[in-house]
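So the sequence lines, in the order shown, correspond to chains A and B. Plus 3 on top of the position in the first sequence (first one is 1) and you've got the numbering used here. Plus 3 on top of the position in the second sequence (first one is 1) and you've got the numbering used here.
Calculated directly from the structure, the hints in this document are not laboratory data. Heads up, some of the hints might be wrong.
Below, computed lysine to aspartate or glutamate pairings styled on EDC-like, alpha-carbon distance capped at 16 Å [unchecked claim]: (1) 426(B) - 76(A); (2) 402(B) - 75(A); (3) 59(B) - 42(B); (4) 402(B) - 76(A); (5) 16(B) - 222(A).
Fair warning: this is a prediction, and the values are worked out from it, not measured in the lab.
There are 2 protein chains.
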Amino acid sequence: MEIQTLTADISLKRQLETGNEMQLQTVRAVIEDVKQQGDEAVKAYTEKWDGFRLEKLRVTQEEIDAAVQAMDEVILQDLREAAANIRRYHEQQSRYGFKLPLEDGSYLAQRILPLTSVGLYVPGGSAAYPSSVLMNVIPAQVAGVERVVIATPCDATGKLPDAVLAAASILDITEIYKMGGAQAIAALAYGTETIQPVDKITGPGNIFVALAKREVFGDVAIDMIAGPSEIAILADETAYADEVAADLLSQAEHDALACAILITTSEQLAQAVATQVEKQLQTLPRESIARQSVERFGRIYIASSMAEAVEAINQLAPEHLEIVTKNAEAVSEQIRHAGAIFLGRYSSEPVGDYFAGTNHVLPTNSTARFASGLNVDDFIKKTSVVYYTEKTWQQNAPKIARLARLEGLEGHARAVESRGWEKE
Amino acid sequence: MEIQTLTADISLKRQLETGNEMQLQTVRAVIEDVKQQGDEAVKAYTEKWDGFRLEKLRVTQEEIDAAVQAMDEVILQDLREAAANIRRYHEQQSRYGFKLPLEDGSYLAQRILPLTSVGLYVPGGSAAYPSSVLMNVIPAQVAGVERVVIATPCDATGKLPDAVLAAASILDITEIYKMGGAQAIAALAYGTETIQPVDKITGPGNIFVALAKREVFGDVAIDMIAGPSEIAILADETAYADEVAADLLSQAEHDALACAILITTSEQLAQAVATQVEKQLQTLPRESIARQSVERFGRIYIASSMAEAVEAINQLAPEHLEIVTKNAEAVSEQIRHAGAIFLGRYSSEPVGDYFAGTNHVLPTNSTARFASGLNVDDFIKKTSVVYYTEKTWQQNAPKIARLARLEGLEGHARAVESRGWEKE
Numbered sequence: 004m005e006i007q008t009l010t011a012d013i014s015l016k017r018q019l020e021t022g023n024e025m026q027l028q029t030v031r032a033v034i035e036d037v038k039q040q041g042d043e044a045v046k047a048y049t050e051k052w053d054g055f056r057l058e059k060l061r062v063t064q065e066e067i068d069a070a071v072q073a074m075d076e077v078i079l080q081d082l083r084e085a086a087a088n089i090r091r092y093h094e095q096q097s098r099y100g101f102k103l104p105l106e107d108g109s110y111l112a113q114r115i116l117p118l119t120s121v122g123l124y125v126p127g128g129s130a131a132y133p134s135s136v137l138m139n140v141i142p143a144q145v146a147g148v149e150r151v152v153i154a155t156p157c158d159a160t161g162k163l164p165d166a167v168l169a170a171a172s173i174l175d176i177t178e179i180y181k182m183g184g185a186q187a188i189a190a191l192a193y194g195t196e197t198i199q200p201v202d203k204i205t206g207p208g209n210i211f212v213a214l215a216k217r218e219v220f221g222d223v224a225i226d227m228i229a230g231p232s233e234i235a236i237l238a239d240e241t242a243y244a245d246e247v248a249a250d251l252l253s254q255a256e257h258d259a260l261a262c263a264i265l266i267t268t269s270e271q272l273a274q275a276v277a278t279q280v281e282k283q284l285q286t287l288p289r290e291s292i293a294r295q296s297v298e299r300f301g302r303i304y305i306a307s308s309m310a311e312a313v314e315a316i317n318q319l320a321p322e323h324l325e326i327v328t329k330n331a332e333a334v335s336e337q338i339r340h341a342g343a344i345f346l347g348r349y350s351s352e353p354v355g356d357y358f359a360g361t362n363h364v365l366p367t368n369s370t371a372r373f374a375s376g377l378n379v380d381d382f383i384k385k386t387s388v389v390y391y392t393e394k395t396w397q398q399n400a401p402k403i404a405r406l407a408r409l410e411g412l413e414g415h416a417r418a419v420e421s422r423g424w425e426k427e
Numbered sequence: 004m005e006i007q008t009l010t011a012d013i014s015l016k017r018q019l020e021t022g023n024e025m026q027l028q029t030v031r032a033v034i035e036d037v038k039q040q041g042d043e044a045v046k047a048y049t050e051k052w053d054g055f056r057l058e059k060l061r062v063t064q065e066e067i068d069a070a071v072q073a074m075d076e077v078i079l080q081d082l083r084e085a086a087a088n089i090r091r092y093h094e095q096q097s098r099y100g101f102k103l104p105l106e107d108g109s110y111l112a113q114r115i116l117p118l119t120s121v122g123l124y125v126p127g128g129s130a131a132y133p134s135s136v137l138m139n140v141i142p143a144q145v146a147g148v149e150r151v152v153i154a155t156p157c158d159a160t161g162k163l164p165d166a167v168l169a170a171a172s173i174l175d176i177t178e179i180y181k182m183g184g185a186q187a188i189a190a191l192a193y194g195t196e197t198i199q200p201v202d203k204i205t206g207p208g209n210i211f212v213a214l215a216k217r218e219v220f221g222d223v224a225i226d227m228i229a230g231p232s233e234i235a236i237l238a239d240e241t242a243y244a245d246e247v248a249a250d251l252l253s254q255a256e257h258d259a260l261a262c263a264i265l266i267t268t269s270e271q272l273a274q275a276v277a278t279q280v281e282k283q284l285q286t287l288p289r290e291s292i293a294r295q296s297v298e299r300f301g302r303i304y305i306a307s308s309m310a311e312a313v314e315a316i317n318q319l320a321p322e323h324l325e326i327v328t329k330n331a332e333a334v335s336e337q338i339r340h341a342g343a344i345f346l347g348r349y350s351s352e353p354v355g356d357y358f359a360g361t362n363h364v365l366p367t368n369s370t371a372r373f374a375s376g377l378n379v380d381d382f383i384k385k386t387s388v389v390y391y392t393e394k395t396w397q398q399n400a401p402k403i404a405r406l407a408r409l410e411g412l413e414g415h416a417r418a419v420e421s422r423g424w425e426k427e
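I would like the entire structure built from these sequences, with the hints used as guidance.
Put into structure tokens, the structure is as follows:
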């Protein structure tokens with residue numbers, strides 16, 4: 004891993020895959036087909052791309068039960084405990100409305116309502132991601148969303164991963180559809196004969212899924228379109244090189260475009276981590292992916308002071324930030340931009356990916372400057388309420404009419420004044 | 004205004020203007036020019052499109068002071084009172100973080116931080132919109148955003164409307180730039196020699212502004228891209244036809260694409276409102292715009308029951324909803340989807356546009372199903388914090404490692420286990 008002196012212009016921004024014109028045309032055609040032909044279009048694309056002809060899209064209760072049965076009871080218990088931790092943290096994010104009384108009985112209010120229905124996309128492919136199920140479904144449930152639906156592609160035998168079905172089952176999610184890609188996003192957004200449309204779609208996916216989410220955006224809500232994962236580790240001489248290296252590699256193994264950065268005030272640590280990264284890479288099952296990530300985007304920066312290091316972190320606005328220094332908590336108070344912060348040696352980043360309770364869907368590519376990880380707010384909406392009595396209206400109508408006329412909107416002024424018009 | 008029997012399939016969705024390929028190419032070229040040539044590009048486009056060659060982009064304190072001087076003191080007082088009302092309501096939306104203690108000193112937390120900097124776009128043209136300044140700036144200030152910047156195009160003599168400068172001055176905003184269109188959005192997003200970039204851009208604009216906001220989205224945050232305004236009025240026989248008609252027209256005068264709908268259980272009211280709309284249209288200064296809106300999108304629906312009417316409103320998910328019925332508050336409790344609700348006869352919709360304190364930037368085109376009006380949450384971000392002690396790590400490391408391996412991420416498992424590795 005390359006070691007450099009920290010400079011002011013570091014960045015972790017990478018050019019994201021945005022899809023080409025052909026992919027976009029494909030996605031638009033798929034969406035149109037699903038709009039026109041519903042279930043049959045979804046089945047046809049599933050046969051074409053996932054290699055299986057489905058009789059029905061919806062997973063049966065028997066399939067869910069069989070998946071739970073097939074799981075190791077220890078793993079099921081781990082998932083249940085993780086789910087409880089995630090629920091407990093997200094319950095702290097619950098929102099309540101308010102009522103602001105004005106004079107003489109008038110009031111303003113804000114109502115908080117959950118979204119009615121949400122669809123979660125779970126990617127298929129070689130691995131299963133039960134943790135995605137937990138991280139997307141639980142905030143929606145805590146928000147009070149009544150209907151949470153999962154869409155995920157089946158394999159060439161028509162099966163879904165046991166772990167995904169088991170995670171859904173733990174959360175009492177039973178509306179699960181075997182469908183992936185743009186056809187799944189279209190079916191969730193616009194509905195088919197058997198699938199009611201949802202109001203919001205969350206969850207990661209490949210470029211076709213991302214393009215489809217952009218296309219349906221506006222008709223339904225979507226979550227952010229996440230880029231490859233990132234970690235920045237801020238460490239001083241108190242950190243252990245093998246642990247820092249292992250944590251860097253845990254991000255690097257995600258994706259050849261993932262980004263793992265160490266910023267340290269200790270030259271000795273810098274050297275030791277570089278050595279450890281190379282050593283640990285050699286036995287990593289996903290060595291090839293991790294090595295590409297490390298070589299292209301991995302860097303070790305030596306900072307002249309902790310203040311300079313903190314400033315660099317704020318410039319990076321990393322998705323994940325580990326602080327492994329003396330007085331880590333005090334250092335963390337100076338961080339203005341990070342998706343998630345992990346404090347101290349024992350808070351390795353995967354602790355948050357799977358188990359601690361915080362969400363692992365986090366803002367990437369420096370968007371932590373203005374965006375937040377997935378949370379309960381993403382599944383609620385706010386409605387304002389205005390109630391004016393006659394007296395409050397009388398006191399304020401002339402002011403409101405003047406402000407409307409200042410903007411040239413005579414109709415607005417008259418509407419407010421109309422309450423005083425003589426009635427027939 | 005056309006009267007119809009209410010049916011189950013009503014909708015207020017309209018095809019929004021999305022811009023054509025030529026407009027998009029123009030916007031991309033402008034953005035690239037501003038990135039490359041900074042201030043000079045902004046000045047050149049301002050000269051080309053707004054007809055004035057600026058020496059400097061930033062408004063001077065003298066210009067702001069002169070604008071305040073030029074304003075009628077009564078109007079200034081109205082603006083100040085509106086600002087105070089808006090601030091009071093939005094202060095109720097203030098957010099606080101939390102700390103969730105786990106066993107033996109471990110904890111999870113959520114930190115709430117304001118965005119660092121925000122740019123507000125205020126459209127130019129024939130009218131001035133000081134209310135836009137109040138509605139966009141105040142939630143950002145309540146959130147704690149340190150730097151709030153305004154961009155708005157000057158007229159052909161290089162001047163800005165007094166009312167906009169005065170509204171800014173009331174809010175202590177002094178960083179104001181004379182620039183509009185895509186060049187303004189680009190300068191806010193990427194910065195120039197004299198303008199520091201911002202983290203989020205809000206505010207309405209024409210199609211070039213909307214396209215530019217879409218283009219810079221991801222590098223900075225943007226607010227929703229609002230469609231034409233809408234109102235639905237739910238009224239029974241207790242409502243006054245002239246007031247209902249005036250309120251419908253107050254939306255219709257905004258835009259030929261605006262949508263004003265009455266749903267009523269009273270056939271008599273329906274007839275009377277139709278008559279009143281035509282009568283009031285004839286003396287409305289913006290008659291032509293309002294008439295186009297009424298003819299294309301205005302409808303009066305007669306519902307057979309209040310329950311049916313409520314169901315229709317929930318299907319519409321209107322931006323603005325007035326409820327002028329017996330027991331309006333009880334009726335409103337059944338509304339699941341609306342941007343803002345106005346209760347009772349004296350809560351005419353313009354009350355909220357200008358003065359009451361709620362925000363007038365609201366979700367249009369049925370997006371109230373999943374979106375909210377502009378609020379303090381739009382100017383904050385959340386960072387999660389995980390702190391595990393050695394003991395908590397020890398208890399949970401095996402579980403976390405199992406979950407990581409279940410997903411095929413060995414590097415994640417090793418990272419968590421590395422804390423137990425023997426040290427050299």
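Status of each hint after checking the structure:
1. Annotation: proposed proximity of residue 426(B) to residue 76(A) is violated, straight-line Cα distance about 34 Å (limit 16 Å).
2. As the CA atoms of residue 402(B) and residue 75(A) are separated by approximately 13 Å, the hinted pair is consistent with the 16 Å bound.
3. For the suggested pair residue 59(B) and residue 42(B), the alpha carbons sit about 9 Å apart, so the restraint of at most 16 Å is met.
4. Restraint check: the Cα-Cα separation between residue 402(B) and residue 76(A) comes to about 12 Å, which is no more than 16 Å; the hinted pair holds.
5. Note on residue 16(B) and residue 222(A): the hinted pairing holds, with a Cα-Cα distance of about 9 Å set against a maximum of 16 Å.
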